[in-house]
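Those protein sequence lines, which keep their order, are chains X and V. The numbers in my numbering rise by one with no breaks, and the one at position 91 of the first sequence is 91. The numbers in my numbering rise by one with no breaks, and the one at position 138 of the second sequence is 138.
No wet-lab data here; the hints were simulated from the structure. For every residue, glycine included, the Cβ atom is placed at its ideal position computed from N, Cα and C. One or more hints might be untrue.
Partner residues are not named here, just some residues of chain V that face chain X (Cβ under 10 Å, in silico) [said to hold, decoys possible]:
no., residue
1, Ser47
2, Pro49
3, Pro51
4, Glu155
5, Ser156
6, Gly160
7, Met170
8, Ile177
9, Val179
10, Pro182
Below, a list of computed lysine-lysine pairs in the DSS-like style, where the Cα atoms sit at most 27 Å apart [claimed, not checked]:
no., chain 1, residue 1, chain 2, residue 2
11, V, Lys159, X, Lys137
12, X, Lys100, X, Lys82
13, V, Lys159, X, Lys144
14, V, Lys186, X, Lys137
Below, each chain spelled out in residue letters.
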Amino acid sequence: MSTNNRRKMVEAKEIIKVYGSFRALDRVSLDVYDGEKVVIIGPSGSGKSTLLRSINRLEEIDRGTIVVDGMDLYDPKTDITKVREEVGMVFQSFNLFPHKTVLDNLTLAQIVVRKRSRHEAEEKAMALLERVGLASKAKSYPGKLSGGQQQRVAIARSLAMEPKLMLFDEPTSALDPEMIGEVLDVMKDLAKEGMTMAVVTHEMGFAREVADRVIFMDAGRIVEEGTPEHFFTQPTHERAKLFLSQIL
Amino acid sequence: MSIEAKKQIIDVGDGAAIPRKSDRGLFTAWRIAFFGAIGTISYLAYSKPDPYLEILKFVPDGIAVTFKVTLGAILLAIVIGLITGLGRISKNRFFNGVASLYVEIIRGIPLLVQIFYIYYALGNIVKVPAILSAIIAMAVCYGAYMGEVVRAGIESIAKGQREAALSLGMNGRQAMIHVILPQAVKVILPPVGNEFIALLKDSSLVSIIAVADLLRRGREYASESFTYFETYTVIALIYLIITLFFSKIIGVMEERVSVNK
């Protein structure tokens, strides 16, 4: 990999996150390079979601440092909202705003945070809805959409902010099987366009196809890391082998 | 991460029961009580104009005052409640502490005592009309209850909504204004309606500090004409009609809101 001379989008060092006496993250270090697609997998409770959520500080870490796009998240001088403007996030449960139409879901933050005019925001929103194939649903409320459609809207909503990095927290885990494909397709397109992505998922096909690097976590640690070929064909760690044998 | 699906039910049940179509028994009871009260009062006024019609002519001023007190107090209480509710969930320890203390103190003192207290305490500092003092006392009291309603309403909105707003770069205030509160309002509306009805009834307490509300006007009439039983019958029926009327309106409003999703 020729990532060494590329710019680091995320630089997490030795981070520790504790819930009571439970170590959710145990000295985890992770770099994500500009344009890179990192897929994080592992059994539930391994800390992968916690790691992802700590990158935009939805989760507060107890020790370590995280630098995103050159901004140190825990530097008192850092305005965390500025970091979050550059980091899009897609949640397992979509979290669309149910009281707003699909269009307004996409324009709200553009207007409130990016200070764009309504006209400009709507133009951007419609272009993105077009791209995820949901322009016809602009005036609908999220409750009227299927899970797959909602998640595509949620991705479009994040993209409307023109983020430099996208975080996906198990984006297909709450979906009926027949809807997983449409969401993954949108994500694959995004990957092709060069978006920097960190994805927590159980979709091994997606990992194999899209990932530049696969990270396997267990018990709050990164236990194996490498290219998809390496990871899926010759994992070295016992825990990773076991996990793969169960999931594949 | 688990998907948050909990929906809290806020139940501050000190208002009149608000009839819903789904609750058949209550719906029928509402009709019987409402139309029964109107029928009774009409019949009495028609068959025995003295004293019943005389009483009915005497009390409308009082009804107006009751409405003034109720409306003034509920609006002020909503403002106080909003601030208190936000204080109760605030991470700012001072703001939170003040709001919590206010709720604890107010909820521990009977409303009647508060009305007296504010009337005389305020009277020591500035000269305010009794009606204003009454409105303030009612609002201060109900603001504390309203604060709890607002707090519960905000907390009932799934955490993911706030996270989504924050992840889009909004700050806490923007997330509250654009995402959380508009959704919380729908949850809060029914209990606020409840509080309104309860406040309407409790407003009769202000008659104690020389505010000429419905009850006070009735007492004035009764003590001059010695028609205590007749007067209080009319007063009770009027309160009943007003209360039932508003509970119906609130019930309809709620249905509208829940349909408009």
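Outcome of the hint check:
1. This hint is violated: Ser47 of chain V has a C-beta 54 Å from the nearest C-beta of chain X, more than the 10 Å allowed.
2. Taking 10 Å as the C-beta contact cut-off toward chain X, the hint placing Pro49 of chain V at the interface is violated, the least distance being around 54 Å.
3. Interface restraint check: Pro51 of chain V against chain X, minimum CB-CB distance 54 Å, threshold 10 Å, status violated.
4. Of the supplied interface hints, the one on Glu155 of chain V is violated, with its beta-carbon coming no nearer than about 17 Å to a beta-carbon of chain X, more than 10 Å.
5. For Ser156 of chain V, the interface hint is violated, the least distance from its beta-carbon to any beta-carbon of chain X being 13 Å, above 10 Å.
6. Among the interface hints, the one on Gly160 of chain V holds; its C-beta lies about 4 Å from the nearest C-beta in chain X, closer than the 10 Å criterion.
7. For Met170 of chain V, the shortest C-beta to C-beta distance to chain X is roughly 6 Å, which falls under 10 Å, so the interface hint holds.
8. The restraint placing Ile177 of chain V at the interface with chain X holds, with a minimum CB-CB distance near 9 Å, inside the 10 Å limit.
9. Because the smallest distance between the Cβ of Val179 of chain V and any Cβ of chain X comes to about 6 Å, under 10 Å, the interface hint for this residue holds.
10. About 5 Å separates the beta-carbon of Pro182 of chain V from the nearest beta-carbon of chain X, less than 10 Å, and the hint is met.
11. Taken as a hint, the Lys159 of chain V and Lys137 of chain X pair is honoured in the structure, with Cα atoms around 26 Å apart against an allowance of 27 Å.
12. About 24 Å separates the Cα atoms of Lys100 of chain X and Lys82 of chain X, which keeps this hinted pair within 27 Å; it holds.
13. Simply put, Lys159 of chain V and Lys144 of chain X have alpha-carbon atoms about 21 Å apart, close enough for the 27 Å limit, and the pair holds.
14. Straight-line distance between C-alpha atoms of Lys186 of chain V and Lys137 of chain X comes to about 24 Å, which keeps the hinted pair within the 27 Å bound.
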